[in-house]
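Undergrad: Residue numbers (our numbering), protein chains in the order written: chain A, 1 to 343; chain B, 1 to 339; chain C, 1 to 307.
Accuracy of the hints is not assured; some may be wrong.
Derived pair list, reagent style DSS-like, types lysine-lysine, alpha-carbon separation capped at 30 Å [to be verified]:
| id | chain 1 | residue 1 | chain 2 | residue 2 |
| --- | --- | --- | --- | --- |
| 1 | C | 124 | A | 92 |
| 2 | A | 212 | A | 159 |
| 3 | A | 159 | A | 148 |
| 4 | A | 96 | C | 124 |
| 5 | A | 212 | A | 148 |
| 6 | A | 96 | A | 16 |
I should point out that these hints are in silico values taken from the structure, not numbers from a laboratory.
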Amino acid sequence: MSRKSTRLDLRPTDGKVLDVNDLHVEFRTRDGVAKAINGVTFSLSHSETLAILGESGSGKSVTAQAIMGILDTPPAYVTGGQVNYCGTDLLKMEEKDMRRVRGDHIAMIFQDALSSLNPVFPVGWQIAEMFRVHRGMNRSDAQAEAVKLMERVRIPAAKERAGNYPHQFSGGMRQRIMIAMAIALNPRVLIADEPTTALDVTVQAQIMTLLKELQEESGMGLILITHDLGVVADVADDIAVMYCGRFVEHCDVHRLYANPAHPYTVGLIDSIPRLDQKGEQLYAIGGLPPSLTNLPTGCSFNPRCRFATDKCRTPGAPPLIEVEDGRFAACYHTEEVLNRERV
Amino acid sequence: MTDQLNTTARRTTGESEAIGGSGAEAGAATLASDLSGIDATVGGPVVGTRPRSLWTDAWHDLRRDPLFWISAVLIVVFIVMALFPGVFTGKDPRACDLAAARHLPSPVHWFGTDIQGCDVYARTIYGARSSILVGILATMGTAIIGSAFGLVAGFRGGWLDALLSRTGDIFYAIPLLLGGIIILYTFPNQVGTPYIVVVLKVVAALAILGWPSIARLMRSSVLQVMPNDYIQAAKALGARPGRIILSHVLPNAMAPVMVVSAINLGSYIAIEATLSYLGIGLQEPAISWGVSISDASGLGYVRSAPHMLLFPSLFLSLAVLAFIFLGEAAQNAFDPKRH
Amino acid sequence: MLKYVIRRLLQMIPVIIGATFILFCLVFALPGDPTAGRCGERPCPPAYVAAFRAEYHLDQPLLAQYGIYMSKLLRGDLGVNFYGNTVISELAIRYPVTIRLALIAVLVEIFVGISAGVVAGVCKGRFVDYLILVSSLVVISIPIFVIGSLAQLVFGMKLGWFPVTAGDGSWGQLVLPGFVLGALSVAYVARLTRANLIDNQHADYVRTAKAKGLSSFRIVTIHTLRNSLIPVITFIGYDFGALMGGAIVTERIFNINGIGNFIFRSISQRDGVSVVGAVTCLVLVYLLANLLVDLLYGVLDPRISHD
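Based on the sequences and whatever the hints tell you, model everything.
TA: Here it is, written out as structure tokens:
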């Protein structure tokens, strides 16, 4: 068992803590090869918050799990690219070192905290396990640290509740416990995979605020994975929109909301219910996302896109290019989209 | 096995939460709210899949399962063997020659001969009838009694449920083998008792003691089906209870009972053999695998004439295995987690 | 908790009453004359038969006999068998033997069955997995008396590793019979453990454990196994009662002076009092074992509460 008491010595060389380059992941199943991630590139700096937005199946969770190295192989295979953390490619790292990166350097929280916590161990024990495994602490010291963490994520009566089991907490409290576990060792990167999806709206806001505060205290980079534009609007610095395993647009929050540069983002934003358009029918993007085993030739979005031309159907996906300063989009018709007639 | 099935059933009920799109993401939610994660999407084209019932779906899976085909072929062979033993052998299993006792397998006697000098191959072929008959009839008996009681208990509830469930507990608490021994001792066979009566006694003993497990299973299936909207709708529309049971509850609650019954069938065959070994159940001059195995499993014979034990045991094991395979294949096919 | 135990104990009462009544009816309908063979070659004189029948209340209607029996049972008196010995004393000799036998079988289930299941589950799809799966099927499909006879021949007589019979029922003599008795359940335990382990390997909390940076060894042995063993332990617990009833075959093969052999012999001697007493005790052990398992379930799975 890995009772390493020290942290694996990896330090950021420049401002970037995480640099993902041209990542490819595919799922090899009975029914064919599903190309889940097709060349994802981004980087994350100290204290930065990046939101990855996309619908179910767009590959956002797979991206997160590929970064953590916790994809189930088979059926999932990373077929290309690099995940550089502090200058080291995690994909080439030995498993025993990679284990010391997980939890300690890069931590992750998941959507459904009830099923993501082990039902048969007390929550305090599960948090303390981080200190026991990564820091070699003894049981009582680790337990004391766990209680401190529970206080830090503002769980009332932390000391008493550390002995409770996950099912004895409310949804919001459970997610706080997940967060406590994830930040236990002060990771440089925290990946939150739909952290608020299973929660009530008021609790959602509390959890997002908590994450933001913790980030400000520790300066960790935060990747927020979500399908809910509303959740990330106040928190994120940058937003990357994912469709069929690719980033189709990547820019700062304000410009993305004000005027999207990709037809898919346009559709997403137009489908948000707005108070000033009462009584009108809500916009919905026509058609269904394609099957990942059989992606359309050219741009994956072309069958559903009102801007699509023959060029969009020629082989090869449109590259993600800088269309304005610091703004990236993968579309041949960006100009048209930006200057479109508003609804 | 039953326990395993229950656990599976319990677990799957909690898993079917769809990921509902919330807040501002209404657009994306209308697109693909039912695709919970990547696995759903890789399953193939999502557009235009014809909705299939549980049964056609299960049959679709079964057809692709080699386990199912192996077991089906074996079972068909054994059933033909039970019905028409003459197809497999021209020899008379009762034409025994004491002078040719305990011969090893040879071209004349493929499986050798037993203590009485009877042909082991012929006796093994003819022995299929008793074992298969006991297995099938006992399974039908437990399935019918158990399903009926389970249905009524689950559907009516209240005091009737309590009464039936406690009655089931009583029979469940009596060990199957011991209870079988006592019942069969109480109703012993005479020299002239017809073959079918002898068989039916064993069947009755197994059915009387075996039904509670099926009843429990059926009751819990019914309780799972009952809260569904279509049952409530049928009730609201004034359908008679009998009609609701037959056309709505039964088809949906029957799958687990069938799976467990197939697996039980194998174990009833084994229990029949065990009863014969203990000197009750089927006895000479009846021919059955159990009788042959118990004849052959005396210590001296196991050493000097192992073929007498080997061949009937092999057939018995294959028959038991075939039904277990069938049950497992059906269990996999009906498992909602596969879809 | 206490309320739950009391309610469960109360629920046992009708089960025990019902089970004893069924047994009573069956046993006293047993054909044959219990006085046969008591007076040498000749039939017993009518006066003796009458006295015998009066002593054992055989001259009274069935329900009256049952009433007398139950009122004694409530006072812990299982009666006197047709040989003049108290059934309690007969059982006191044999129960420890059968319990020892069943305990060995359960230990075999725990150690052999669970380890085989874990190995198969962890190495899913590899050669070891198939080997364990196939051998478990072989064990399940062969009747226990064939396994027993073969084990006796091979390990007892040919190899001489174990005693061939177990006359006095000491621990050492019961090892081989214990393995035979547990064989079938070992196969089920292995398959159940494997299936649950594989199911749980895809659980969300396992993904969390991976993300925490735990080694796969720790994930399997601490996180997955703990969850997977809950149904397995339930099975083993329920099985303990069933094993005691199933010991009859094993006890016959190895000539063990246990409860199964005692019941079997009592049936063939028409000794009804002994049969009902012995089986009632088995039923009681079975019911108590089930209660124990249900209580244990609450300890193993914190989500279950017995309040």
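Undergrad: Given the hinted pair residue 212 of chain A and residue 148 of chain A, is their alpha-carbon gap at most 30 Å?
TA: 19 Å, holds
Undergrad: Holds or violated: are the alpha carbons of residue 212 of chain A and residue 159 of chain A at most 30 Å from each other?
TA: Within the cut-off at roughly 24 Å; holds.
Undergrad: Does the structure keep residue 159 of chain A and residue 148 of chain A at a Cα separation of 30 Å or less?
TA: Answer holds: residue 159 of chain A to residue 148 of chain A is near 8 Å, not above 30 Å.
Undergrad: Assess, step by step, whether the Cα of residue 124 of chain C is no farther than 30 Å from the Cα of residue 92 of chain A, and give holds or violated.
TA: 26 Å, holds
Undergrad: Is it true that the CA of residue 96 of chain A sits at most 30 Å from the CA of residue 124 of chain C?
TA: 22 Å, holds
Undergrad: Going straight from one Cα to the other, do residue 96 of chain A and residue 16 of chain A come out at no more than 30 Å?
TA: 24 Å, holds
Hint violations for this structure: none, all hints satisfied.
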